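Throw the hints in and build the complete structure from the sequences for me.
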Amino acid sequence: MFDKILIANRGEIAVRVLRACRELGVRTVAVYSTDDADSAVVRMADESVRIGPAPARQSYLNAAAVIEAARITGADAIHPGYGFLSEDSDFAEVCEAEGITFIGPPPEVMAQLGDKTSARAAMTAAGLPLLPGSVEPLADAESAQRLADDIGYPVIIKAAAGGGGRGMSIVDAGADFARTYQQTKATALQLFGDGRVYVERYLPSARHVEIQVLCDTHGNAVHLGERDCSVQRRHQKLVEETPAPGLPRELTDRMGAAAVRGAQASGYVGAGTFEFLVDTENNFYFMEVNCRIQVEHPVTEMVTGVDLIAEQLRVAAGERLALRQEDVRTDGVAIECRVNVEDPKRNFAPAPGRLEEFVPPGGPFVRVDTHGFTGYKVPASYDSLLAKVITWAPDRVQAIARMRRALAEFRVAGPGVHTTCEFLDQVLADPEFADGKHDTSLVAKLLES
Amino acid sequence: MFDKILIANRGEIAVRVLRACRELGVRTVAVYSTDDADSAVVRMADESVRIGPAPARQSYLNAAAVIEAARITGADAIHPGYGFLSEDSDFAEVCEAEGITFIGPPPEVMAQLGDKTSARAAMTAAGLPLLPGSVEPLADAESAQRLADDIGYPVIIKAAAGGGGRGMSIVDAGADFARTYQQTKATALQLFGDGRVYVERYLPSARHVEIQVLCDTHGNAVHLGERDCSVQRRHQKLVEETPAPGLPRELTDRMGAAAVRGAQASGYVGAGTFEFLVDTENNFYFMEVNCRIQVEHPVTEMVTGVDLIAEQLRVAAGERLALRQEDVRTDGVAIECRVNVEDPKRNFAPAPGRLEEFVPPGGPFVRVDTHGFTGYKVPASYDSLLAKVITWAPDRVQAIARMRRALAEFRVAGPGVHTTCEFLDQVLADPEFADGKHDTSLVAKLLES
Amino acid sequence: MTHRLPRAVHSSNGHTVFDEHGREVPAERSDVEDVLQVVQRAAADLLARSPRPPSTLNVRVGDVAVEMGWTAPTAAAPAAPVAPVAPVAPIVGSVTPAAPEPAGPTLDAATVGTFYSSPSPGAPPFVNEGDEVSPGQQVAIIEAMKLMLPVEAERGGRITEVLVGDGEGVEFGQPLFRLAVADTDLAA
Amino acid sequence: MTHRLPRAVHSSNGHTVFDEHGREVPAERSDVEDVLQVVQRAAADLLARSPRPPSTLNVRVGDVAVEMGWTAPTAAAPAAPVAPVAPVAPIVGSVTPAAPEPAGPTLDAATVGTFYSSPSPGAPPFVNEGDEVSPGQQVAIIEAMKLMLPVEAERGGRITEVLVGDGEGVEFGQPLFRLAVADTDLAA
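Residue numbers (the working numbering), protein chains in the order written: chain A, 2 to 450; chain B, 2 to 450; chain C, 27 to 214; chain D, 27 to 214.
Hints may be right or wrong, so weigh each one.
[Unchecked claim] Simulated restraints on C-beta separations:
| no. | chain 1 | residue 1 | chain 2 | residue 2 | range |
| --- | --- | --- | --- | --- | --- |
| 1 | C | Met171 | B | Gly376 | 33 to 39 Å |
| 2 | A | Ala38 | B | Pro395 | 45 to 51 Å |
| 3 | B | Glu449 | A | Gly100 | 48 to 54 Å |
| 4 | A | Ala38 | D | Ser160 | 28 to 34 Å |
[Said to hold, decoys possible] Calculated from the model, a selection of chain A residues having no Cβ within reach of chain B, i.e. all distances over 10 Å:
| no. | residue |
| --- | --- |
| 5 | Glu24 |
| 6 | Asp39 |
| 7 | Asp77 |
| 8 | Thr125 |
| 9 | Ala127 |
| 10 | Gln184 |
| 11 | Thr188 |
| 12 | Asn283 |
| 13 | Glu289 |
| 14 | Glu302 |
| 15 | Asp308 |
| 16 | Lys346 |
| 17 | Val369 |
| 18 | Thr375 |
| 19 | Ala409 |
| 20 | Glu410 |
[Claimed, not checked] Straight-line distance between alpha carbons at most 25 Å, and here's what the computed DMTMM-like set of lysine to aspartate or glutamate pairs gives:
| no. | chain 1 | residue 1 | chain 2 | residue 2 |
| --- | --- | --- | --- | --- |
| 21 | C | Lys172 | B | Glu99 |
| 22 | A | Lys5 | B | Asp426 |
| 23 | A | Lys5 | D | Glu194 |
| 24 | D | Lys172 | A | Glu99 |
| 25 | D | Lys172 | A | Glu94 |
| 26 | D | Lys172 | A | Glu433 |
In short, the hints are calculated from the structure, not lab data. Please read all numbers here as calculations on a predicted model, not as lab measurements. Where a beta carbon is used, it is the ideal one built from N, C-alpha and C, also for glycine.
Here it is as structure tokens:
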């Protein structure tokens, strides 16, 4: 196991990684921007290094500063969390060159899977089902239009370098295609410095279901079941759960096996997530691989008892997976709600500020992952995730009741501070959600009503 | 299910009961003393009634006030928590007479099992093993001395009406017996208004192991495994865990079966705990029944997934137990640490006060049951339990590591406020504890060293 | 010369109740008033010159301190970044109790139970608003555990308000009647 | 002359008002008023001169203190901790980073890396304590990602202290040198 790990992230995930390190007896280095000097992870870490000013480009996205921080503190590994540098294969490569272990898949695997077109090609080769569409990026507007017409509308145009719901557009009719195609290319170029896009069939009422995999450096791979992330607002996940309600076990087992096949075919190492869409006829289609720990990993932890971050550390340190597929047992239902500092009444505008009151929920089968504390000033510079509330219960009805109880007792207050707690409760109270019959259109419908 | 439950308690257990009610859709009434007007449960409850001034005798032990509070709010059941009125069979009887459901065993069962001598007689009849000693209270000092001489020293003299570690004395040699006997009788009379005592063999290095049972009103009973509560200071439990480390499964299964037999023989209803001593040869001896939910019930919840308070409510409402013995599966290891506002450096003197800082631990597989929050003023009038930290892991080594991580991140500060966090960490770090080879003498040894 | 100063009246329920308007107290209050006025003026001037309303304001002179705080809007409140400002006046005269009740001595419930204003259903109440009561006089009944417990006035005075309706449940310490008490009595 | 005073008049959120025992206050009223006026003027002047509204303001002269605080307008504002405020001086001349070091301008690291005081091992340092430096003059090297990045003085002045040892790691914004700057320069 490592001696000292640098945590190249902030917020709740930095705290989450620190906790795993501490339980494994690994010392920790927090890096932070000027705005985060008083953050929870800085308070908790064994050492901390300020790496730049508030803007992420100059701090958390500043690969050189992170590497230097690792060097001056003597860290032997870097955990990138999610976002920021976590899926930057160049950064992973630099770590490797510097003799620092990057806790994630090898750079070349990240590069292949991080690009949607090469990922699609690899998964097609591994025999995973894909939605009808282009495997290669589209050459020009005309051939793109022809392909879209062949697939049939609606289609979705996606940036090859995109992710996290950014750089994608839906086209409902052929007449709109050319304009949207140009716009999406322009957006992709601006956001990712890469204007390549591809097109595929769009499923308006699909379920977003993902499979957690875990692979060691010895060729072993297991999956830890699925997560349903169909409650989304503008492609941002709000509520995640496992198991996926209403999906037959047989289907999710097949999806899990497909994900393991894909992971092994691509030489994956560490924790990864295979995203699929599941249509109303229970067909599943590979979408993308997330080469990092996910925000919603706790629901998997709650039903399997597996500490995914600790497993990341173990396989990164070269240990063999102690888990075999037959050892993975899931028990009960877990739900996660993302509590953001946003104001649902003002179109979910960020509403950060000083937390004059901060009382997270507690008690039986409730887990809270947060960097918040009373007196903490949530900076405006970063994303609005303040806390993840996760509940477990033997069945989904009880897990929902428990979540509604937990959200109701979460007290967050401060000047200008708002949270999404009440809105999340509306989602949980929705009959369609309660029946597990919802899809990715649920939040939009709720907000329209 | 009930419509409205009055919670006749305070502190963390009142919050715990409220959470179960909320998840079941039951409205709640908090009762509180003047000192507790700003408490967490008062803030959270649907209604609250001030029942008296700070002294417990005039408030939480004031049966008339509690009953009246139930009447004026229209509560149809009372959950007594632990301590206070929870094992008062007279109170249970009054509730019954008033048409209010007392959430606990029937008054006559409580009366029988609450008295140690009649409990011993009942369990002897049910075939449970008891330590050599008197079944009936001792008639006089002479016959007591003769019995003690027969048993062999050391012996322990216990108040028939005692409990919670009060009203008991150990006698190491026959010469000391007469004096200690008189003292214990006097203490018992003073504490419990009942000078009856009995004597039994004292096991200096016994393990304290208890079995959780759950019984409905239809004659069904299950046990949910054991808890080891051997880490005690002056008979007050500090750390509890399940399963009991080092005890063969076959032994704890037999103890569980014995507890179920005892519960059914006595007509028990609800959640109850059968306490046993286990000697170094793995013989077990019935000690007493706790006719209420225990402080340490969460460790059982964490390994079984069963919400014990919710089960209490269900069986009190007349529902049949949904669990059969074969459905009860335990998974992994759970440990609970009681974080008290006490100063270990001043012989564990109470150290309450205003919590200027209160950041409970969180993250994976950590549960906190507490009534604390930033700004809360812990009153000096009641016991010093501020929070229970419970951790779960697949094995004991990881559960201990997780607990040490959790205790280290628990931040509690305020003028005059001290907690037992650091002392608990010393216990967890002790090699004897780590090996699971400790017994009830561990804390005393740690404090002497 | 009269002097107006906060004066605490401790009611039997343990809560501190304050006389809103300031009663006569036997201390050398001219000095108090003067110092406080100075402090108040300082605070008020500071407030007036403040570019936008502060969230806290403390002025302290030796043992005299004026501290002001404005409640921040709760999370549910509209996104007004700055809390509404309280008027300056309360700084000095401010003696409002923490309880939501208006100030003034009260007769409080000594136990949880059901309040009855008259000896039996249909009978006239023990006391009405405006009645003078003397210490020890029965003014109501609280029923607890089927016992009819007489409520007696702990002090004399004039009943200015009956605070609980006949047959209503009351909690421990709940004010039942408001009294007007002679100044001499209060000062005692 | 003695004054019997309430120990504290505390009005926060319209909540509590204390009158504990009435205590002796040693200050004379005229003195109080005088000192307060001074303090008040100081506070008001500070407010008027402050480039933007402070989040807190404390002025204290002996027993006399004025403290003001404002809630941050929106979260977008730079981090202004609502902690007790630094001495008054920095408000005007503010040139120090928010580090806990004693006051005085410093030259700070623009990046994380390894600090070298001289161009090569064994060579004399770029600057020594007591040296005058001019704006743009190289004073050190920070090595980051195998690049030797020159550290240049952002302003002129006299090096009064070298704060980091040769070969030590430095974090972003870490003070490397302390400078003495001419007053005219400081006020600019």
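Going down the list of hints, with the structure as the test:
1. Met171/C with Gly376/B: 33 to 39 Å: holds (37 Å)
2. Ala38/A with Pro395/B: 45 to 51 Å: violated (37 Å)
3. Glu449/B with Gly100/A: 48 to 54 Å: holds (49 Å)
4. Ala38/A with Ser160/D: 28 to 34 Å: The hint (28 to 34 Å, Cβ to Cβ) holds, given that Ala38/A and Ser160/D are roughly 32 Å apart.
5. Glu24: Glu24/A is in fact no farther than 10 Å from some Cβ atom of chain B, at 5 Å.
6. Asp39: holds (13 Å)
7. Asp77: Given that every Cβ of chain B is farther than 10 Å from that of Asp77/A, nearest at about 20 Å, it holds.
8. Thr125: holds (36 Å)
9. Ala127: Nearest chain B Cβ is 31 Å from Ala127/A, so the label holds.
10. Gln184: Nearest chain B Cβ is 42 Å from Gln184/A, so the label holds.
11. Thr188: Check passes; 37 Å lies beyond 10 Å.
12. Asn283: holds (29 Å)
13. Glu289: Nearest chain B Cβ is 26 Å from Glu289/A, so the label holds.
14. Glu302: violated (6 Å)
15. Asp308: violated (6 Å)
16. Lys346: Nearest chain B Cβ is 24 Å from Lys346/A, so the label holds.
17. Val369: Val369/A not clear of chain B: closest Cβ-Cβ about 5 Å, inside 10 Å.
18. Thr375: Not fine: 4 Å to the nearest Cβ puts Thr375/A too close to chain B.
19. Ala409: violated (7 Å)
20. Glu410: violated (6 Å)
21. Lys172/C with Glu99/B: holds (11 Å)
22. Lys5/A with Asp426/B: holds (23 Å)
23. Lys5/A with Glu194/D: Distance ~19 Å between Lys5/A and Glu194/D Cα, so the pair holds.
24. Lys172/D with Glu99/A: holds (11 Å)
25. Lys172/D with Glu94/A: holds (16 Å)
26. Lys172/D with Glu433/A: With Cα atoms ~57 Å apart, Lys172/D and Glu433/A exceed 25 Å; violated.
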